[in-house]
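S.K.: One letter stands for each residue in the lines below.
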Amino acid sequence: MVGHFISIENLEALVKELLKTQIVYAPVPHVYNENTLTFSKINTENLGQIVLNKFRTVDSPKQFIYKLLETVSQYFGDKEYDIKAPALVLLGVKACDLSAIEVLSRVFGEGEFKDAFYQKRRDNLLIISSDCDDATPNCFCTLVGGKPYPEKGYDLNLSPLEDGYAVDIGSPKGEAFVSSWKKFFTDLSLVGRNKQEDNRQAILEKVEEINKEYSFKSSLDEIHKKSLDTSAWKEITKTCVECSACNRVCPSCTCFLLLDQGKSPNLERLKVWDFCLQSSYTKVAGGANPRGKLSQRLENRYECKFNYSYERLGRYTCVGCGRCIECCMGNIDMRKAFKIQEKAVLLGAKLK
Amino acid sequence: MENIYRPIKAKVENIIQETPNIKTFVLRPEEPMRFAAGQFMQVTYPGIGEAPFTPSSSMYQTETLEFSIMKAGQVTSLLHEQLKVGEYVGLRGPLGKGYEIDKWHGKEVFVVGGGVGLAPLRALLLALFHNINNYKKLYIRFGGRSPQDLSYKEQLKTWEKKDKIDMVVSVDRGDEKWKGKVGIVTTILEGSGIDPKNAVAIVCGPPIMMKFVTLKLVDLGFADNTIYLSMEKNMSCGVGKCFHCNVGPHLACKDGPVFTWDKVKVIPDPF
Numbered sequence: 001m002v003g004h005f006i007s008i009e010n011l012e013a014l015v016k017e018l019l020k021t022q023i024v025y026a027p028v029p030h031v032y033n034e035n036t037l038t039f040s041k042i043n044t045e046n047l048g049q050i051v052l053n054k055f056r057t058v059d060s061p062k063q064f065i066y067k068l069l070e071t072v073s074q075y076f077g078d079k080e081y082d083i084k085a086p087a088l089v090l091l092g093v094k095a096c097d098l099s100a101i102e103v104l105s106r107v108f109g110e111g112e113f114k115d116a117f118y119q120k121r122r123d124n125l126l127i128i129s130s131d132c133d134d135a136t137p138n139c140f141c142t143l144v145g146g147k148p149y150p151e152k153g154y155d156l157n158l159s160p161l162e163d164g165y166a167v168d169i170g171s172p173k174g175e176a177f178v179s180s181w182k183k184f185f186t187d188l189s190l191v192g193r194n195k196q197e198d199n200r201q202a203i204l205e206k207v208e209e210i211n212k213e214y215s216f217k218s219s220l221d222e223i224h225k226k227s228l229d230t231s232a233w234k235e236i237t238k239t240c241v242e243c244s245a246c247n248r249v250c251p252s253c254t255c256f257l258l259l260d261q262g263k264s265p266n267l268e269r270l271k272v273w274d275f276c277l278q279s280s281y282t283k284v285a286g287g288a289n290p291r292g293k294l295s296q297r298l299e300n301r302y303e304c305k306f307n308y309s310y311e312r313l314g315r316y317t318c319v320g321c322g323r324c325i326e327c328c329m330g331n332i333d334m335r336k337a338f339k340i341q342e343k344a345v346l347l348g349a350k351l352k
Numbered sequence: 353m354e355n356i357y358r359p360i361k362a363k364v365e366n367i368i369q370e371t372p373n374i375k376t377f378v379l380r381p382e383e384p385m386r387f388a389a390g391q392f393m394q395v396t397y398p399g400i401g402e403a404p405f406t407p408s409s410s411m412y413q414t415e416t417l418e419f420s421i422m423k424a425g426q427v428t429s430l431l432h433e434q435l436k437v438g439e440y441v442g443l444r445g446p447l448g449k450g451y452e453i454d455k456w457h458g459k460e461v462f463v464v465g466g467g468v469g470l471a472p473l474r475a476l477l478l479a480l481f482h483n484i485n486n487y488k489k490l491y492i493r494f495g496g497r498s499p500q501d502l503s504y505k506e507q508l509k510t511w512e513k514k515d516k517i518d519m520v521v522s523v524d525r526g527d528e529k530w531k532g533k534v535g536i537v538t539t540i541l542e543g544s545g546i547d548p549k550n551a552v553a554i555v556c557g558p559p560i561m562m563k564f565v566t567l568k569l570v571d572l573g574f575a576d577n578t579i580y581l582s583m584e585k586n587m588s589c590g591v592g593k594c595f596h597c598n599v600g601p602h603l604a605c606k607d608g609p610v611f612t613w614d615k616v617k618v619i620p621d622p623f
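In order, the protein sequence lines correspond to chains A and B. Residues 1 to 352 (this note's numbering) are what the first sequence spells out, left to right. Residues 353 to 623 (this note's numbering) are what the second sequence spells out, left to right.
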């Protein structure tokens, strides 16, 4: 058997079935703007509004595994903290976000110290991803080594075909899911994969077309290595107002702050997302601030995504989702920033 | 899975006023906490927050830990103003990597400290004294703003008399009783007779002092990978997850807090 097939009717029936016992989130058009999608909790009423393919949601799935704010300790007693993380099914996650989840898993789940809070949420997640069949003008996954369709990181992936989906299994969890809901799936060889391949080629070309003016002579990590400390950063930062929206919408930003509160004996430690563009981020109690200038902080954000991450994890941590472009009130576009950096590198500028 | 954010309860056994703005807190943790010189810990003021400090006591002293803390921010002000003997704080650690003291066997060790930077260096020196015969000679160069801003005054006097130790202490501004050198710490680095080819230098102090001492050491002929710098950044998690303390691609909490100059000098604005 080359794979599985699920018809549109069967998929709807399956989700209905899942809703009886599970919490399901999926992309649904925003109430004020049908062209933007947001992850919504699915119920029998909005089930019909799920948009499985199209492009990525406005909000990233990071919210489900890495909470904006959560209690991580009630101090001295809790050697094994009781983490409340219900099992979730995420439908319609896109390739860029799967790549970002890989970043989160490596940051929180690897090394000498492991974050049990992230790990439990990740373990309790079933990811049913799907191919893009459209793109926003800000999508640039192809520039950072990605593709607009999932190749790894999912439990199941759905690629649209006539009247249904090709189902690819990406993990033992996905395998177990298909066998426990066997009656909804049929043999893919009856319909074949041709349309999946055609669609994938078409959307890949579309994203490449959107980004055709952004081709670079050297790799993005090379450009970033060489653009350290150049005049490029002053120019890129010109319209930045330090709002940190880019930090907030980024699916792969992992920075947080530990905050303590309460009065003995009711004390708690919170883990809260934090934002590297804010001036307080690096300021020390003695008053010194190694990144006191906004341009230094924006530079650090880019270097973190393309240069430092490459050194640390062997990959870019930017996944090309373009959310930071979409939300920037200063119209800062990463792709244009790369151009400015490349130009500064070519000029050999070493101005500050 | 163990909770990496949980502090361990530690009882305050003693508080020693070292200088007008530095106090040493002697803490007894409820669970054993061994560390290597150079590693740090997060000290929690309950309900307020944590801040990272390198113990100033010897790594061979295992029951209690000492932290010499300067009053600077929110947590340190409360530690200074509110905390009393018999009360509790939280500790997380040990975190980060220790000094590579085994790599320095047979070498001369040049230890340069300024202000509260003497605290982690005391832990280092106590570790070096423990096996002093492994090292050719120790040069200690400490600086403070004024005589009353120098920590461990009594201890410094006893160290001065030890074999294989060449110590100079300088203050930016002397007073009528001060008989030592006057001038910023960079002025006492020359003329020691140290052979930079067979030596390592360890620096800890305020960012501005670190910068100028490093440039001076390079000038004196120390190779970049023999200059060890304590990069104590704004830190939050201490375990390599929150990225607050990044020094370029490195994280001070996980890959540091001590870095050699060759790793740091390629980064824009390291201090």
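There may be inaccurate statements among the hints.
To be verified - Computed list of lysine-lysine pairs in DSSO-like fashion (alpha-carbon distance at most 27 Å, straight line):
hint, chain 1, residue 1, chain 2, residue 2
1, A, K283, B, K513
2, A, K225, B, K606
3, B, K514, A, K293
4, A, K283, B, K423
5, A, K225, B, K563
6, A, K263, B, K617
7, B, K459, B, K423
8, B, K514, A, K226
9, B, K423, A, K114
10, B, K514, B, K531
11, A, K293, B, K615
12, B, K615, A, K263
13, A, K283, B, K531
14, B, K375, A, K283
15, B, K516, A, K283
16, B, K488, A, K114
17, A, K283, B, K514
These are calculated hints, taken from the structure and not from any lab test.
S.K.: For each hint, tell me whether it holds in the structure or not.
M.R.: Hints versus structure:
1. A:K283 with B:K513: violated (40 Å)
2. A:K225 with B:K606: holds (22 Å)
3. B:K514 with A:K293: With a Cα-Cα distance of about 47 Å, the restraint between B:K514 and A:K293 is violated, given a limit of 27 Å.
4. A:K283 with B:K423: holds (16 Å)
5. A:K225 with B:K563: It holds: about 23 Å lies between the C-alpha atoms, which stays within 27 Å.
6. A:K263 with B:K617: Status violated; Cα separation ~44 Å.
7. B:K459 with B:K423: violated (36 Å)
8. B:K514 with A:K226: Not satisfied, since the Cα-Cα distance of roughly 49 Å exceeds 27 Å.
9. B:K423 with A:K114: violated (32 Å)
10. B:K514 with B:K531: Holds: B:K514 and B:K531 sit about 20 Å apart, inside 27 Å.
11. A:K293 with B:K615: Satisfied, since the Cα-Cα distance of roughly 22 Å is no more than 27 Å.
12. B:K615 with A:K263: violated (42 Å)
13. A:K283 with B:K531: violated (37 Å)
14. B:K375 with A:K283: Holds, because 23 Å separates the two Cα atoms, which is no more than 27 Å.
15. B:K516 with A:K283: Given pair B:K516, A:K283 is violated - Cα atoms ~39 Å apart, limit 27 Å.
16. B:K488 with A:K114: Since the Cα atoms of B:K488 and A:K114 sit roughly 41 Å apart, the hinted pair is violated (cutoff 27 Å).
17. A:K283 with B:K514: violated (39 Å)
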